[in-house]
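Peer 1: For the record, the sequence lines run as chains A and B.
The number in this note's numbering is simply the position in the first sequence, starting from 1, with 384 added.
The number in this note's numbering is simply the position in the second sequence, starting from 1, with 2 added.
Just so you know, these hints were derived from the structure itself, not from any lab.
Do not take every clue at face value.
[Stated by the list, open to error] Below are the SDA-like pairs computed for lysine to any residue, each with C-alpha atoms no more than 20 Å apart in a straight line:
no., chain 1, residue 1, chain 2, residue 2
1, B, Lys84, A, Val789
2, B, Lys84, B, Leu134
3, B, Lys130, A, Glu594
4, A, Lys604, A, Arg644
5, A, Lys548, A, Pro633
6, A, Lys548, A, Tyr578
7, B, Lys130, A, Arg712
8, B, Lys84, B, Gly145
9, B, Lys84, B, Gln103
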Amino acid sequence: MTALVFSMLRARWGQALTVFLLGVVAVAAAVAGPVASRAAQAAALRLEIDAATSQERTVSVTTSLDPGQDGAARAFDNVTKLLQLPGFDSVRGGELLVSGPVAQPAEVILAPLSRLVFRDHLCEHVVVLSGRCLSGSLEAMIGEETARREGISAGQSITVLARKAQDGELVSDGRPVQLTVAGIYRPADEREAYWGGRRYFSAGEGGTDEVIFIAPSTVKLVEHTVGVATLDVVAPAPALTPERLAALPGEIETMRRAYRDSYSITSDLPALAQRVQTGQRLAGQLVPVAFLPLAAISIFAIYLAVGYGIVARRHELGLVALRGVSRRRRWLLAAGETALPLLAAVPVGYVVGHLVVAGIADLRWGSTQGAELSLASLPYAAAALAVALAVVLLGQRRVLAQPVVELLRGGPRGRAAWQAFALEALVAVLAVVATVQLRLAGTTRGGAADLAGLGLLVPGLLTVAVALVASRALLPVAGLFARWALRTGRLGTGLAAVQVARRPGSQRLFVLLCVASAMLAFVAAGTDVAEQAREQRVLVQTGAPRVVTLAPTDPRVAIEATHRVDPEGAWAMAVTTVPQSDPDTPPMLAVDASRLVSVPVWRDEYGVPPQEVARALAPPQQLAPFVLTGDTVVVEAGVRPEPGGGSRAPVRTDLELEFVPVNGLGTITVAFRGISGERQRWTAPVPGCAEGCRLTGITLPHLTREVDAVTVYEIGQLGPTGVVAPAAALADASRWRAAEGTSAVAGTGALDITFAPGLVSTTRLRVGAITAPSPVPVALAGDFAAGAVTSLDGQRVRVDHRLRLGMIPRLGIDAVLVDLAYLEATLADAPSRQRFEVWLGEAAPPDAVDRLRDAGLVVLDETGVAQTRAALLRQGPALAIQFHAAAALFGVLLALGGLGLVSAVDRRQRATELAALRVQGLRRRTLRRAALWGYLSVVVAACLAGLGGAAVAWAAAGDRLPIFADTDTVLDPPNWPQWPAVVGPWAAAGAGMVLAATLAAWLLRRAANRA
Amino acid sequence: MRDETRATAGLAVNCRRVVHIYRGEAGDVVALAGVDLSIAAGEMIALVGPSGSGKSTLITLLAGLMRPSAGRVMIGTYDIGKLSDAEISRLRGTQIGVVLQGAARNLLPYASLSRNIWLAQTRAAATKGVRLDDPERILDLVGLGGQGDALVGQLPPGARQRAALAVGIAAGPGLLLVDEPTSQLDTAGRDEVVHALETVNAERGTTIVVVTHDGEVGERLGRAVTIRDGRVGAEGRGGQDFAVVAGDGTIQLPPEVLGDFPPGTLFTVDRSDGAVTLVPGDGDGAAPR
């Protein structure tokens, strides 16, 4: 029996090779799914970890430094015992806040702030530019920026003075100490994980300068009472396996709770873990979606090949039955010829599947991790083989069940069996059920629906269902056309239509071509929509080509600095997101609206041109500020005691006036301590206002209930003498805005400041001197309708809805946009320090960030469109779509192979028929048409139906396919692709099929001419 | 004449009023309209008749490939109409050999002659008590000794037909059905094939039924049964032609007689001295012309 089967294989090696190749593809596709899933997950992990900042890979522990101890030797004894994170590197260190370094000891009191820092293994991580690294006590290494600014060199002596915060001020924390500069350093890699994300080189959030490194032994030699000990536990990339990443957040939280009284434990690892796990989960869900249809197509192609082969062997099978060979042997003979190539295909397909995935992974991500050859995917290969063998048996079952006499006569086969109809109905039902399940599943904006279960197969099932339904119409339509064409004398196309209507495999070939075409179109649509969504998110949520993040500062500093570095307003714009206290208020973006035209990336989705937005938000004629130009401020004020207070002693309180330099930065607070009496004049010196200082507010910092009100009658100046805020202005309510808890009554020829009614918990009252009228003009996106928002000072301010936009840059479809300067001009209280950004436009020079630093801004980070785009491309969905594209391409190649198979099987008989017609006078041109359209008609119909199938699948499932791994998107991603992005690849695949059909037709003509 | 002393291993064939109707979309076609035929075990007969007379249908029924629409077909003691498909398949694998028209249609083109014979023997080989000749012996029997490794495409036409015969007798059947074994053969080839058939019949006692258009083949086989219009019309034995009375009493006139007396002609039947005379009349009591 085996010898006979091998004889069959030798005799029909072409079909055997075809089945072998199809088997290889089927097994490779079945195996590639899980392998690609593993590779995508590994890539998601690796790319995210590679891109993770050192902060994200660090667990940072901070505690108080014992002044008497040598460095942090004992500070972390307990923690290091319990912070058992295998594979992590630990770096101990500590910090003291100091002023300095200065060359002259006398200047240390007024020197800028810095930090004395010590860290384990420091010398391995800095580049010594001059001098040498630390080797002992009382030595220091200073940064190159500090050395240049202070004119300090190696070997020189410097003085530092420990500082500490006390009652809201920085005071000395010991005596000055002299250190010897051992060397000048630059960090080897500022972003490496060793530094634990601590900002030693771009200054800290407290506004401190580049740090000074010392040895641990120096700590106790620097007089101080307050210091910080640090422990950074840094995860090298290999230590962050999926299992460790999953367990780490829990371990960190446990430690945090256990040691919250002793240590401050912070880490961004949980966020990294969450991002990685989400990306991996999505990659694991999405990647198999690509390969299931490909495996199904290849199995179908096997069914096609087996079906054709078995038809060609009908007489042979009849002959074997005629000899009385048992049923079992007949099945073995029939199946063996196909089963052996399939069995041989398994190991080859297994390896090919791994190699293909490895190739794609290496090409896209530079690593084949996850795609290594292993036995893990054997069950999938076995399943593919089992399905293929089942398909083989199914394909030959109908023929083998035919009576022997019909097999011998080669008579017509029975009509399509009810089983085929039942299978098609089953596919249609599955497609509908899966679609319903998918539509009912929850979805997050830009994230994934739950794709578990049948929903995973929706696109494939729908395209197959459409193909099957369309194929039902193929034969009747071809038959009708054939009758019409022959009746009207169109012989060529008529013969072609007859061939299509009567060729046994026309429907199956149609389904194969249709599904491949549909798959490609669907993937092209998905790729385009994902690309659109990513680009939209990148440009909208980044806001500008480059974005510089600053340390917390106040709005005037941000605006002044950007105006100084870019006076024309061509490339720099100060921006901040103002936190809202009301949860119903959408987030608010405050921008320097005068630069809206030149700096941000302006999208059509915003709906209004930037010029119009800037005009709507720009402050009108501002109210004239109250400007002090003297060296002394005079305030005429009175304190009205609470009636019935009962105290005979005069009631006293403090009053503060706040000024900001007109042409500078910083805040000058002039305090009047213990004012009292009905109406008296009080003076206080104000240094540094010769060029003008603008009054920003009046504060009563410690008002008690003994005081009914404080009345300000006039604010003036001396040196030179003048009026800063006359009585009329003080009495003008439009010039003042009371903070929460404060009541400011203007209009009695003075400004009365008192407690707001009903409020009993505060002692600090504040009135802002505003230079722009309320309400504040805003632009809106979304449904927000309220009349007030939270401003930069944390106070509610009334707003005027001037414009409606489709989207707000950065914040998306539900947000508020306001002019930063206008907001700053209407503050009731001092602005809280918050994170600002400077958006840099296309025209920004390469050294823009350095210019911002030179302007006094503390730059924490820089990102931009390119980095955001790269981050999105690292996410699971973006990784998965690449496998989808490869699988769709393979599907088209399979379809071309199927077309070749059908034409090869057809050729002999068809050539004989056409040759016979030629002898009877059929013209060459007619023969050409008959040959060509016999295949071309099926190709064209299948491609058109495929496009329709893709449209149906997209309409049902397109908006449920995930594009992003996170839910941080504030936009609704586009739902529909741009048609050229779909039609292009679809047409290219169609062109390939047309080419294959043309080649098949040429081979048929040649065979007919030779017959 | 057949040698009466030879041991008979063949199967007898009996057809009683066998009717077969093909049912098709264009209508029913009566292929056999009541065939009565008896073939003795070990006998060799030829079935002759014009195209469409029902010869191939009859041989198909004898092979068990179809069941008769009516009547009875007995192969030995087996009633074909009452056997299941599996039983008929087993019968074809052990007792009935079939040689299809066109020698190449009987052989797997990619397998050697020995392999083809082996395949045909698989069913019989699995049956208890059956002793089979090895393929080389069978090839000797049909005059193809030593060509066991040859493929059918390598053989001349006459040899191909004998190879088909070899496959047909491979399982040692009691009944061998052969369809047009000498078509497209020259005289020498025909003689080889007929000689092979005679050898098989002589050595094994196999009952052989041959469908043929060739009258000489019929003469050499000794008995030729003419099938006409789905019935047994005449028989030739020992060089003499006989009309055959069918089971329903009808008799078919030879074609040359039918030309003078078309259907509808009335005869009186006179029987005397052991002979039957048919006298045409006009149906009104008048004396025969």
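Peer 1: Quickly compare the C-alpha distance for Lys604(A) and Arg644(A) to 20 Å and report which way the hint goes.
Peer 2: 26 Å, violated
Peer 1: Mind checking the alpha carbons of Lys548(A) and Pro633(A) for me, to see if they're no more than 20 Å apart?
Peer 2: 34 Å, violated
Peer 1: Measure nothing beyond the straight line between the CA atoms of Lys84(B) and Leu134(B); if it is 20 Å or shorter, mark the hint as holding.
Peer 2: 28 Å, violated
Peer 1: Are the Cα atoms of Lys130(B) and Arg712(A) separated by 20 Å or less?
Peer 2: OK: Lys130(B) and Arg712(A) at ~18 Å, within 20 Å.
Peer 1: Is the hinted pair Lys84(B) and Val789(A) satisfied, with a Cα-Cα distance of at most 20 Å?
Peer 2: 18 Å, holds
Peer 1: Given the hinted pair Lys548(A) and Tyr578(A), is their alpha-carbon gap at most 20 Å?
Peer 2: Between Lys548(A) and Tyr578(A) the Cα gap is close to 27 Å, so the pair fails against 20 Å, i.e. violated.
Peer 1: So if I understand the rule, the pair passes when the alpha-carbon distance is 20 Å or less; does Lys130(B) with Glu594(A) pass?
Peer 2: Between Lys130(B) and Glu594(A) the Cα gap is close to 102 Å, so the pair fails against 20 Å, i.e. violated.
Peer 1: Does Gly145(B) lie within 20 Å of Lys84(B) when you go C-alpha to C-alpha?
Peer 2: 38 Å, violated
Peer 1: For Lys84(B) and Gln103(B), compute the direct alpha-carbon distance and say whether it is at most 20 Å.
Peer 2: 27 Å, violated
When the structure is compared with the earlier hints, violations turn up for hints 2, 3, 4, 5, 6, 8, 9 and for no others.
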